[in-house]
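The listed protein sequences derive, respectively, from chains P and H. The first sequence: position 191 = 191 (UniProt numbering), numbered continuously. The second sequence: position 598 = 598 (UniProt numbering), numbered continuously.
For the record, the hints were derived by calculation from the structure and aren't laboratory data. Predicted model only: the values in this text are computed from it and were never measured.
Quick partial rundown of chain H residues pointing at chain P, CB under 10 angstroms, derived from the structure:
#1 N256
#2 A258
#3 L377
#4 L381
#5 T382
#6 K448
#7 Q503
#8 D505
#9 F560
#10 D577
Here are the simulated DSS-like cross-link-like pairs (lysine-lysine), alpha carbons at most 25 angstroms apart as the crow flies:
#11 H:K443 to H:K536
#12 P:K127 to H:K354
#13 P:K130 to H:K255
#14 P:K77 to P:K127
#15 H:K443 to P:K192
#16 H:K421 to H:K468
#17 H:K379 to P:K192
#18 P:K192 to H:K390
#19 H:K526 to H:K379
#20 H:K367 to H:K390
#21 H:K408 to P:K192
#22 P:K67 to P:K100
#23 P:K77 to P:K130
#24 H:K421 to H:K507
#25 H:K354 to H:K448
#26 P:K130 to P:K86
#27 H:K448 to P:K192
#28 H:K408 to H:K526
#29 H:K330 to H:K255
#30 H:K448 to H:K390
#31 P:K100 to H:K255
#32 H:K289 to H:K68
#33 H:K439 to H:K530
#34 H:K233 to H:K73
#35 H:K354 to P:K126
#36 H:K237 to H:K330
#37 H:K443 to H:K408
#38 H:K507 to H:K439
#39 H:K289 to H:K255
#40 H:K354 to P:K130
Ideal Cβ placement from N, Cα and C applies to all residues, glycine included.
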Amino acid sequence: MEVDLRYDAKIKGLAIKNGPEHVDPQLQLELEQLNTICTELIGITDAVPSPPTPENFNKDMSRMISKLYEGGVQAFKNGKIQDSEKQFTIAIEVINRRNKFEAFQGTLQELGILLMARADTYLAGKKYVKAFNDADLLIGLMMCTPDNFLRRGVANYFLENYEDARADFQRGLAFDPNNEKLLAELNNVLDKILDENGDYL
Amino acid sequence: MASEYKYDEGSDTWPYFVLALLVFFMVPITARWFLRAISSGSSSKAVEGSIPYNHESLQLANSTQIDKVRAQKRAGRVFNRSLVIVVLGWALAAYIWITYAKEVSLTGFFDPYTILDIPYTASEKDIKSRYRKLSLVYHPDKIGKDLTDKVKEEMEAAFIQINLAYKALTDEVTKRNLELYGHPDGQQEVTHGVAIPKFLVEGRYSQLMILLYFVLIGVILPFVVGNWWSNVKATTKRGIHVDTAASFVRRLADKNPAVVYTPYTVLDWILESAEVTALRGDKSVQEIKDLVLSYFKRESTGSDEELTLRVVSELLPLLTGFIEIATVFKVPDVILAAFDLQKAVHQACTPLGKHRELLQLPYVDAKVVEAQSVKKLGKLLTLSDEEAGKVLGISDSKKLKIALDVAKNIPFIRVLDASFKVPGEDYISPNASAHLVVKFLIKSAALKSCPEIDDLRFTEEETIEDLKNPLRSNDLPPQLPAAYAPYFPGLVSNSWEGFIANQSDNKFIEGTESALLRNVELTNLKLTQKEWIEGKEHVVAISTFKVKLPAPVPPTVGDFHFRLFLKNNAYFGTDVDIPVDMEVKAVPIDQEAVKKAAGLDEDDSDSDSDLDISDPEEDSIAGALAALRGQGVKKSSEADDDESDNESVFTDINTDTEDEGED
Chain P
1 MEVDLRYDAK IKGLAIKNGP EHVDPQLQLE LEQLNTICTE LIGITDAVPS
51 PPTPENFNKD MSRMISKLYE GGVQAFKNGK IQDSEKQFTI AIEVINRRNK
101 FEAFQGTLQE LGILLMARAD TYLAGKKYVK AFNDADLLIG LMMCTPDNFL
151 RRGVANYFLE NYEDARADFQ RGLAFDPNNE KLLAELNNVL DKILDENGDY
201 L
Chain H
1 MASEYKYDEG SDTWPYFVLA LLVFFMVPIT ARWFLRAISS GSSSKAVEGS
51 IPYNHESLQL ANSTQIDKVR AQKRAGRVFN RSLVIVVLGW ALAAYIWITY
101 AKEVSLTGFF DPYTILDIPY TASEKDIKSR YRKLSLVYHP DKIGKDLTDK
151 VKEEMEAAFI QINLAYKALT DEVTKRNLEL YGHPDGQQEV THGVAIPKFL
201 VEGRYSQLMI LLYFVLIGVI LPFVVGNWWS NVKATTKRGI HVDTAASFVR
251 RLADKNPAVV YTPYTVLDWI LESAEVTALR GDKSVQEIKD LVLSYFKRES
301 TGSDEELTLR VVSELLPLLT GFIEIATVFK VPDVILAAFD LQKAVHQACT
351 PLGKHRELLQ LPYVDAKVVE AQSVKKLGKL LTLSDEEAGK VLGISDSKKL
401 KIALDVAKNI PFIRVLDASF KVPGEDYISP NASAHLVVKF LIKSAALKSC
451 PEIDDLRFTE EETIEDLKNP LRSNDLPPQL PAAYAPYFPG LVSNSWEGFI
501 ANQSDNKFIE GTESALLRNV ELTNLKLTQK EWIEGKEHVV AISTFKVKLP
551 APVPPTVGDF HFRLFLKNNA YFGTDVDIPV DMEVKAVPID QEAVKKAAGL
601 DEDDSDSDSD LDISDPEEDS IAGALAALRG QGVKKSSEAD DDESDNESVF
651 TDINTDTEDE GED
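The following block holds chain P by itself, in its conformation from the complex:
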């Protein structure tokens, strides 16, 4: 496949010129990634990006994010699920806006905490597909805590994917065999599966 790649002054990055109508989504994604990283690099005032150490982590942003997080938690406690959901989403967006040359380790940590919080609010707000996506991302990032499996399992349960929910709970139990919540939910879903099959013990 041959495409004409040119610098586009409008978007300040590479773009496909006179290309075919259907561009390979993979190529489009790579272009976007390249453009983002270029913009970020140009945005840095130093001659060379500072090394990605915890010291160089943007503390102002961390403060902002933790404020948003606390605000979200407070709203959740007050029963304002909509608000807390919004706060968490904004916080995640802020994390996303961090300079790409900052330490990913720190970013990942923040993201993990916020995704967990948002997944919980989604579950509370009965937005199960969104909750599933967040929990799935958490597990995909190898944050294999029993709680994350509980989140994804519960989301699956309410999406009526009982077999998937069962697998999630069981996998969570592999990390903590005596987790009472997981055991209770597993029992629940096993009953549901039996019921769905018109079966009984």
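Let chain P serve as the given structure and place chain H on it in line with the hints.
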């Protein structure tokens, strides 16, 4: 001298030479062609547990096209280039045989034992008595006067032979001649020749012969070898095109972990393969995909029906190849999606969605099924016929009966027990090579609950054969019948494939290859609910499936968590996905050695040492080696005094191991 070599003037030898060569090549070619032709001929006979419906008995709208595509595939296996070679080759062999082959004359051959008609083990006494008896018959003086001259001559010649044979066995010189040269008269004239007729080498055909050699070595040989090599290069061992395999590998290597992979993703990848490209002609990939999607909806594609079926039947080997390649990448998500696609291809129903189990049945109305809440075959079979008809959207009672019969006969697996086992041991020790033993019942979706099975029925007697080949029992039950797949143009051999994944990272364990479960007893499908729940021996059959762990047990002691997948290739809802735990224990301490070391049985040790090979002493090299291996080590004598005080430490260890043993 006209020539140094003796040529085959009378065509005595070369036909045999050519015949031998010809047969040498023809036998394997014929055998291969024959096996392929047969393999297509096997049909779905009414084996125990099979679902006896096909496109004809279901009267599908496209059954003529299915027949046509099937017949083409079968014909392709019988009437192909191999058949031409087989026919021509054997015709040539027959021609040479009839024209040139002569009765083999054994004139030059001399075997005294055959002539005298005695066994090779005969003693000298036997030989003598036999000779006397024969000479009474054949001696010229004894021959009857009334015989014709011709007979007389023959008998005289026979008498000379008999004399010679007798001499050969008794006379020293003749015996030696026979031993050395194979003839009683000494060395015979030996001729060496070339098994080619002379006219081909000397004379006007010699130019032709040189040309023939040139063509053979310069043209045909490179062509044949090149052709063979490019064939080998063009397809992988599993018969998929190398470009296809390469594109699969590329797709899997570039796999984005953040993306959810569905059967449709896999379908997209497969439709781009070289095989499908060769089939689709001037149609675009998207058009072909639309054809496949309408096949999934069981809709007619009109004039493209045949093409649709051919593409669909081509998907299967590609999917198998894909699964095999993906197994190496250890990623369950794509493989599970590929299996769902495989089922959808076999049953002509959607590969995704919650109603797949019902949609795989014949005659169902997809819109009606997807609009209601029953999703599983098990639930469907608890309903009355009338309700089931409403669920499936089938109003014709005959059709409903068939659909429910299919539902009842799809084999489901109910796992009773799954545990790891090291052959010949009661526990799992670090670094051992273990296998997973799955005990399960085959059941129909109509059978509810689970019978109580006595634990005793799980225990297996381990024979020496099992130690040699722990997976031996997998092959004992009868083979699964061909799967019910009326919409699919071709025969489907039904099987489950087993994979073991790590719970920690949800990837297949290192070195995973799919374990095939193809031999299963299906007698349970016919049981009534009462027989099922009673669970009597010889009524309810327990099946066993063993999966070899490709890697050794982890080297550290502790609990390890795995997940077993059993994926069926033909039916939705019959898969198994269960967690399996492995408890790795240290090698139990040799209690005898510990006691000895503690000096508890000093009295016995003398009498023991005569019988047993005592444990090596700690100080010695043998002792160090044994300690490394974790075997018992005898403390050196000076340490003995100190150790006797610490008795309690060892008793502690003893109780520990005992406790573990009881577990």
